[in-house]
Amino acid sequence: MKIDLEAVEETAKLLYIRALKVLPDDIKDGFKRLDANETDATGKSILATMIQNIDVAEDTDNLLCQDTGIPIYNITIGRGIEVDGIDLKSAIRKGCARATKEYPLRSSVVHPVTRKNEHTSCGRRVPVINIDFSGAKDELVIEMIPKGSGSENGSFLKMCIPADGVDGIKTFVIDKVIDAGGKVCPPTIVGVGVGGTADLCMKMAKIAATRALGSVCEDREGAKLEAELSDAVNTLGIGPQGLGGDSTSFAVHVETAATHITMNPVAVNIQCHSARRAKATFTPQGVEIGV
Amino acid sequence: MTEHVFTMPVSEADIRKLKIGDHVVLQDTLFGIRDATLIHLFDHGRKTRLDLNGHAVIHTAPNVKKVPVSNSCPVGYEQVCIGTTTSQRMERFTRPLMERDGVRMIIGKGGLGEESAKAFQELGGVYLAIIGGTAALETTWIKQILDVDMDDLNPESLWQFRIKDFGPLLVAMDAHGGSLYDAVRSNTDNKRAAALARMGVGS
Numbered sequence: 061m062k063i064d065l066e067a068v069e070e071t072a073k074l075l076y077i078r079a080l081k082v083l084p085d086d087i088k089d090g091f092k093r094l095d096a097n098e099t100d101a102t103g104k105s106i107l108a109t110m111i112q113n114i115d116v117a118e119d120t121d122n123l124l125c126q127d128t129g130i131p132i133y134n135i136t137i138g139r140g141i142e143v144d145g146i147d148l149k150s151a152i153r154k155g156c157a158r159a160t161k162e163y164p165l166r167s168s169v170v171h172p173v174t175r176k177n178e179h180t181s182c183g184r185r186v187p188v189i190n191i192d193f194s195g196a197k198d199e200l201v202i203e204m205i206p207k208g209s210g211s212e213n214g215s216f217l218k219m220c221i222p223a224d225g226v227d228g229i230k231t232f233v234i235d236k237v238i239d240a241g242g243k244v245c246p247p248t249i250v251g252v253g254v255g256g257t258a259d260l261c262m263k264m265a266k267i268a269a270t271r272a273l274g275s276v277c278e279d280r281e282g283a284k285l286e287a288e289l290s291d292a293v294n295t296l297g298i299g300p301q302g303l304g305g306d307s308t309s310f311a312v313h314v315e316t317a318a319t320h321i322t323m324n325p326v327a328v329n330i331q332c333h334s335a336r337r338a339k340a341t342f343t344p345q346g347v348e349i350g351v
Numbered sequence: 086m087t088e089h090v091f092t093m094p095v096s097e098a099d100i101r102k103l104k105i106g107d108h109v110v111l112q113d114t115l116f117g118i119r120d121a122t123l124i125h126l127f128d129h130g131r132k133t134r135l136d137l138n139g140h141a142v143i144h145t146a147p148n149v150k151k152v153p154v155s156n157s158c159p160v161g162y163e164q165v166c167i168g169t170t171t172s173q174r175m176e177r178f179t180r181p182l183m184e185r186d187g188v189r190m191i192i193g194k195g196g197l198g199e200e201s202a203k204a205f206q207e208l209g210g211v212y213l214a215i216i217g218g219t220a221a222l223e224t225t226w227i228k229q230i231l232d233v234d235m236d237d238l239n240p241e242s243l244w245q246f247r248i249k250d251f252g253p254l255l256v257a258m259d260a261h262g263g264s265l266y267d268a269v270r271s272n273t274d275n276k277r278a279a280a281l282a283r284m285g286v287g288s
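Taken in order, these protein sequences are the chains called A and B.
For the first sequence, the numbering used here assigns the number 61 to the initial residue and increments by one for each residue that follows.
For the second sequence, the numbering used here assigns the number 86 to the initial residue and increments by one for each residue that follows.
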């Protein structure tokens with residue numbers, strides 16, 4: 061299947077705008093679940109306002125949050141797909157810039173040294189474009205994630221040593237959730253990377269933080285860890301916006317990778333309650349946009 | 086918990102009446118500031134022609150649309166989506182904003198630190214928590230972009246908004262040393278050991 065690059069550009073634009081406006085159903089369900097279990101009056105009232113905001117955004121066709129984030133595009137290329145990689149990346153970039161100019165969206169992207177904003181949401185190496193492959197025949201998937209900065213600033217890496225064991229990993233996650241407090245806009249999804257190299261560990265934390273609620277780590281040990289951590293973080297009392305309550309996180313997600321005999325790395329990357337994602341699937345039947 | 090409605094600007098006496106847990110609704114005028122605005126104002130020595138004395142500032146950088154200048158859009162900007170950002174990054178600017186420019190209220194999310202708490206006590210100021218990530222709702226409280234200064238920093242310009250029924254906002258740090266964040270943090274620190282034990286850490 062040959063990929064139409066004009067359709068990719070248009071889709072990259074639409075996905076950015078859609079992701080900023082409509083939360084995925086799993087996150088909406090997550091809010092209902094937290095609201096049902098929240099016992100703190102302040103926490104309950106903040107959750108109610110967040111739920112109201114989801115409705116207001118849809119009713120007024122507006123963005124959920126002012127933070128347009130750092131744009132991330134995850135591309136998964138199935139079998140039998142014909143596309144020039146450089147042109148594909150260029151089409152994504154153009155679509156991202158067009159969303160920013162044409163909507164218009166706030167460009168939140170600046171050069172790291174000069175702090176200059178090109179007002180395109182693009183810059184050196186941004187949008188972040190991740191490319192992976194799948195076994196699906198004649199299918200190309202583009203997932204768009206506008207990653208908010210308040211929660212992205214809640215990113216931490218520790219090169220624990222083997223003697224720190226799993227206890228070291230658990231302690232690090234709990235301490236970082238406490239330190240992040242209200243700054244990361246709770247209720248959050250806490251993404252945790254365990255193992256790998258330093259860069260892979262952080263990458264896994266991001267994958268974990270942006271996974272759909274209800275998804276489970278494919279590694280049984282990782283799944284066990286995420287169940288324990290999900291339970292523990294909501295006993296800390298941080299609550300929505302860090303103002304107290306039971307609803308600190310929707311979930312803790314864990315991703316794992318093999319690591320070195322001398323290493324025990326752990327990384328945390330946090331997703332805020334505006335856990336935005338949108339996805340498009342290209343097949344011979346056309347382009348389907350959803351979440 | 087008491088509810089207060091203020092038509093801006095306010096006096097020091099108004100501010101000293103507020104206690105943590107109170108709700109506040111603002112009317113008329115609100116200013117928007119952000120990291121770059123504050124860095125340029127206080128680290129690069131720039132001045133603004135806008136008068137912030139007795140006013141509230143929100144930590145924000147809005148989504149706006151350029152439009153022709155008209156009565157409803159006097160500086161050629163229309164609001165698209167306006168919310169808040171994490172305040173902690175701007176902690177060191179609280180005192181100069183209050184001392185030099187007379188700001189009385191800071192609105193944001195996540196809270197501010199000890200230096201801000203001291204400045205609020207000494208100079209008469211409060212931190213009002215607005216809910217982060219609920220910008221679609223907050224935009225409905227903003228009626229107009231009245232003015233803008235330092236717009237070379239866009240979107241981190243100094244914005245002046247006309248507001249109606251802006252709130253309820255929660256008094257999260259008051260002028261008497263009270264802080265809801267300190268209370269939560271101390272409670273959380275107490276719960277840390279139990280959370281770790283729950284996962285079998287150290288056993």
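Just to be clear, a hint being listed does not mean it is correct.
Examples of chain A residues lying across from chain B (beta carbon under 8 Å, computed) [claimed, not checked]:
{"no.": "1", "residue": "Leu123"}
{"no.": "2", "residue": "Leu124"}
{"no.": "3", "residue": "Asp127"}
{"no.": "4", "residue": "Val173"}
{"no.": "5", "residue": "Thr174"}
{"no.": "6", "residue": "Gly274"}
{"no.": "7", "residue": "Val276"}
{"no.": "8", "residue": "Glu278"}
{"no.": "9", "residue": "Lys284"}
{"no.": "10", "residue": "Ser290"}
{"no.": "11", "residue": "Asp291"}
{"no.": "12", "residue": "Ala292"}
{"no.": "13", "residue": "Thr295"}
{"no.": "14", "residue": "Cys332"}
Result set (DMTMM-like, lysine to aspartate or glutamate): computed pairs, CA atoms no more than 25 Å apart in a straight line [what the hints assert, rightly or not]:
{"no.": "15", "chain 1": "A", "residue 1": "Lys197", "chain 2": "A", "residue 2": "Glu278"}
{"no.": "16", "chain 1": "B", "residue 1": "Lys276", "chain 2": "A", "residue 2": "Glu278"}
{"no.": "17", "chain 1": "B", "residue 1": "Lys276", "chain 2": "A", "residue 2": "Glu178"}
{"no.": "18", "chain 1": "A", "residue 1": "Lys62", "chain 2": "A", "residue 2": "Asp224"}
Calculated from the structure, these hints are not laboratory results.
Keep in mind it's a predicted model, so treat the numbers as computed, not measured.
Glycine included, every Cβ here is placed at the ideal spot set by N, Cα and C.
Consistency of the hints with the structure:
| no. | hint | verdict |
| --- | --- | --- |
| 1 | Leu123 | 4 Å, holds |
| 2 | Leu124 | 6 Å, holds |
| 3 | Asp127 | 7 Å, holds |
| 4 | Val173 | 14 Å, violated |
| 5 | Thr174 | 12 Å, violated |
| 6 | Gly274 | 21 Å, violated |
| 7 | Val276 | 18 Å, violated |
| 8 | Glu278 | 21 Å, violated |
| 9 | Lys284 | 10 Å, violated |
| 10 | Ser290 | 11 Å, violated |
| 11 | Asp291 | 7 Å, holds |
| 12 | Ala292 | 4 Å, holds |
| 13 | Thr295 | 5 Å, holds |
| 14 | Cys332 | 6 Å, holds |
| 15 | A/Lys197 x A/Glu278 | 22 Å, holds |
| 16 | B/Lys276 x A/Glu278 | 30 Å, violated |
| 17 | B/Lys276 x A/Glu178 | 45 Å, violated |
| 18 | A/Lys62 x A/Asp224 | 50 Å, violated |
Hints 4, 5, 6, 7, 8, 9, 10, 16, 17, 18 from the list above are not met by this structure, while the remaining hints are.
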